[in-house]
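Student: Same order as they appear, the protein sequences are chains D and R. In terms of the working numbering, the first sequence opens at residue 1 and continues consecutively. In terms of the working numbering, the second sequence opens at residue 247 and continues consecutively.
Warning: the hint list may mix true and false statements.
Now the stretches of chain R that chain D is said to cover, found in silico as 3 or more residues with beta-carbon under 8 Å [unchecked claim]: (1) 308-317; (2) 322-333; (3) 337-350.
Which chain D residues face chain R? A few, computed with CB under 10 Å, are given here [stated by the list, open to error]: (4) Val56; (5) Trp59; (6) Ala147; (7) Phe219; (8) Ile227; (9) Leu242.
DSBU-like, lysine-lysine: derived pairs with alpha carbons at most 30 Å apart [to be verified]: (10) R:Lys279 / D:Lys103; (11) R:Lys266 / D:Lys103; (12) D:Lys243 / D:Lys191.
Please keep in mind that the hints were generated in silico from the structure rather than gathered at the bench. Model, not experiment: these values are computed from the prediction. Virtual Cβ for every residue (Gly too), placed ideally from N, Cα, C.
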Amino acid sequence: MLIYFLISMFGQVLAHRTLLVIAQEFAISQHSLRLLKILNVLLMSLFAVIFHSSPVTLWLFIGIILITLKFFSPIFRFFLLRRLSSALIPLLDSVILGLQSGKSFRTSLHLAIENQSGWRRNQLREIYNSIVTSENSVSAKSALLKAFTAELLEIDRSQNRIVEQVRALRRHLKLRENFRRRSGQVTQQIKMQAIIVTALFLALLSFVIAQFGFAENRFLISISVFIFILGLFWIFSMGRRLKWKV
Amino acid sequence: MEGVAPPLELLLAVKRTLEKGQPTKLGVHHYLKNHEGEFALVVAQWLALLQQGQDTQTLISSIASQHRQILLQLLERGLRGEAIYNMLATLEEEILEACHEELTNILARLPFILLVPLLLLQFPAFLLLLFGPLLHNFFHSFGGG
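Throw the hints in and build the complete structure from the sequences for me.
Tutor: Have a look at this one:
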């Protein structure tokens, strides 16, 4: 019993450490972090009780939790970075308001960043720090943030017609965002058709295999799968061939 | 075709450069540095011809899109030192209009285009998977019976 307890405690400590790193990176509030810690303790204790007959299974489940937590950061960061582009326009709105109220560019930017929340604020603070220290190399992981920082650095250095420059940058970002959204509809339609048809085909395939068996119908199933995949390739090649004519 | 159309991308790059008080050439270089593809290659060729002092008309007229032709002609004037910001802003509106029109057309045609592989390949694959084993069993029962 002591061994299971020690294993679960060890797993709990590892999960706890990973949770702390995640909380620090994504600026998770203390309340949410406390809830996650309690969930961690409960989950590990539950595993220790359920799998008390097999330490290997207990290790396996702890391993699954740790791997999930390990991959959580990059996946979550990827989705957050995609959403970050939509936060840049409201940020510039705040900067323009600050500038119009007579504040300096840096002060307006700082206030606008501090009004953001959580992970977004952490990322934007990096931009502010690189502007204050006038660093050309930005540690941001996203190309979008790097380009955005470079633009803000140039505005900060130019020191003239700042409001006009920030407005022009906002207009530029809005235009790109609108285009991305509208042109994304085309690829979205293609992806949606491919996903729905594939899901239906897989459901039918499982039904046929369960009902009639694979070995007896392997030739028919193979031909059907081959034709279906050919259709998928055709759909995706159509998507790739769609190019701007303007 | 996800993203901004190549000529609009070039136009925006040059316009941003002019808004910062920098020369047109820097905007074109900025575009070439950050973009690749068919149009970027044409722009690189066009810029090389200009730098060598050669005629660019043959290259420009070989481009199918009229918007791209006009843009390059306008940029050529900008590279010669003329003020082109206002003309770029007008052309931007024209290109935007054309892009929206193209997107609307594609979105209207897309469901029909996507029907072709569905009807020619995927629908037969479904039928084969659904009726194949049934027919196989049916004929097998005749043979066995």
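Student: Looking back at the numbered hints, which does the structure fail to meet, lowest number first?
Tutor: 2, 4, 5, 10
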